[in-house]
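A.B. asks: Top to bottom, those sequences are chains A and B. Using the working numbering, read the first sequence as starting at 1 and increasing by one per residue. Using the working numbering, read the second sequence as starting at 1 and increasing by one per residue.
To be clear, the hints were calculated from the coordinates, so they are not data collected in a lab. It is possible that part of the hints are untrue.
Unchecked claim - Computed list of lysine to any residue pairs in SDA-like fashion (alpha-carbon distance at most 25 Å, straight line):
hint: 1; chain 1: B; residue 1: Lys101; chain 2: A; residue 2: Phe39
hint: 2; chain 1: A; residue 1: Lys20; chain 2: B; residue 2: Thr96
hint: 3; chain 1: A; residue 1: Lys41; chain 2: B; residue 2: Val81
hint: 4; chain 1: A; residue 1: Lys41; chain 2: B; residue 2: Ser3
hint: 5; chain 1: A; residue 1: Lys20; chain 2: A; residue 2: Gln42
hint: 6; chain 1: B; residue 1: Lys101; chain 2: A; residue 2: Gly16
hint: 7; chain 1: B; residue 1: Lys101; chain 2: A; residue 2: Ala2
hint: 8; chain 1: B; residue 1: Lys101; chain 2: A; residue 2: Leu26
hint: 9; chain 1: A; residue 1: Lys64; chain 2: B; residue 2: Lys101
hint: 10; chain 1: B; residue 1: Lys111; chain 2: A; residue 2: Phe91
hint: 11; chain 1: A; residue 1: Lys41; chain 2: B; residue 2: Gly53
hint: 12; chain 1: A; residue 1: Lys41; chain 2: B; residue 2: Ala86
hint: 13; chain 1: A; residue 1: Lys41; chain 2: B; residue 2: Thr106
hint: 14; chain 1: A; residue 1: Lys20; chain 2: B; residue 2: Gly41
hint: 15; chain 1: B; residue 1: Lys101; chain 2: A; residue 2: Leu117
hint: 16; chain 1: A; residue 1: Lys64; chain 2: B; residue 2: Thr96
Said to hold, decoys possible - Chain A side only, calculated, beta carbon under 8 Å to chain B, not exhaustive:
hint: 17; residue: Pro40
hint: 18; residue: Leu44
hint: 19; residue: Leu46
hint: 20; residue: Gly53
hint: 21; residue: Val105
hint: 22; residue: Phe108
hint: 23; residue: Thr115
hint: 24; residue: Leu117
Stated by the list, open to error - Pairwise CB distance ranges, derived in the manner of DEER restraints:
hint: 25; chain 1: B; residue 1: Gln45; chain 2: A; residue 2: Lys41; range: 16 to 26 Å
hint: 26; chain 1: B; residue 1: Asp54; chain 2: A; residue 2: Lys41; range: 41 to 51 Å
hint: 27; chain 1: A; residue 1: Lys14; chain 2: B; residue 2: Arg69; range: 24 to 34 Å
hint: 28; chain 1: A; residue 1: Gln60; chain 2: B; residue 2: Glu20; range: 49 to 59 Å
hint: 29; chain 1: A; residue 1: Arg113; chain 2: B; residue 2: Pro7; range: 39 to 49 Å
hint: 30; chain 1: B; residue 1: Gln58; chain 2: A; residue 2: Ser15; range: 43 to 53 Å
All values reported here derive from a predicted model rather than from experimental measurement. The C-beta atom is built at its ideal place from N, Cα and C for all residues, glycine as well.
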Amino acid sequence: GAVVSQHPSWVICKSGTSVKIECRSLDFQATTMFWYRQFPKQSLMLMATSNEGSKATYEQGVEKDKFLINHASLTLSTLTVTSAHPEDSSFYICSARGSLSGANVLTFGAGSRLTVL
Amino acid sequence: AQSVTQPDIHITVSEGASLELRCNYSYGATPYLFWYVQSPGQGLQLLLKYFSGDTLVQGIKGFEAEFKRSQSSFNLRKPSVHWSDAAEYFCAVDFTGGGNKLTFGTGTQLKVEL
Chain A
1 GAVVSQHPSW
11 VICKSGTSVK
21 IECRSLDFQA
31 TTMFWYRQFP
41 KQSLMLMATS
51 NEGSKATYEQ
61 GVEKDKFLIN
71 HASLTLSTLT
81 VTSAHPEDSS
91 FYICSARGSL
101 SGANVLTFGA
111 GSRLTVL
Chain B
1 AQSVTQPDIH
11 ITVSEGASLE
21 LRCNYSYGAT
31 PYLFWYVQSP
41 GQGLQLLLKY
51 FSGDTLVQGI
61 KGFEAEFKRS
71 QSSFNLRKPS
81 VHWSDAAEYF
91 CAVDFTGGGN
101 KLTFGTGTQL
111 KVEL
């Protein structure tokens, strides 16, 4: 079945540095990828939608310059948290939609936990 | 605003007992409905989905869910819970119908007592 891999699973960084999280579709081409943020004991909040080869569409309230999303190929999307601060600490989850997963079904990665010191 | 409500934050059931997790959504039309399970260290796994047709849908791991239009609900059920079912369960709704945006409920943490 469709598999989405996220890397790294855990990352700790110092305040002010940038962190990149990768999301890969391993066995299918992901025309669309989505990035979510999940706070402890809370729901997943959609941050942005990215289509291969085009600029990401951000949800209201999400800072484009802080959360840089790139979807350069049909199997890879990256989320870069720039100038990270402790309030950016969270669980980031990506999902992908493609040929194997079905038009209306998303495949989710295992998530990446970011801790900013 | 469109929203998804899972009124139970935590539920504890004994192994072998039946389970029902509640989900309500706010909207007029019939959206696409999903239930996902999240286990530690693993991605969200799709249990089942409803797009149209028969309002009782069967999913993986013995789960089923029933769409009730009049109640705007999509409750998840399992007749006999196994200890391995302990996890976080999320109801999600695609109000756009285009597969682009999922609105998630806050989740229900299921604990199974042996």
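A.B. asks: Enumerate the violated hints, using their earlier numbering and listing them in ascending order.
C.D. replies: Going through the list in order, the structure violates hints 2, 6, 11, 15, 17, 20, 23, 24, 26, 27, 28, 29 and respects the others.
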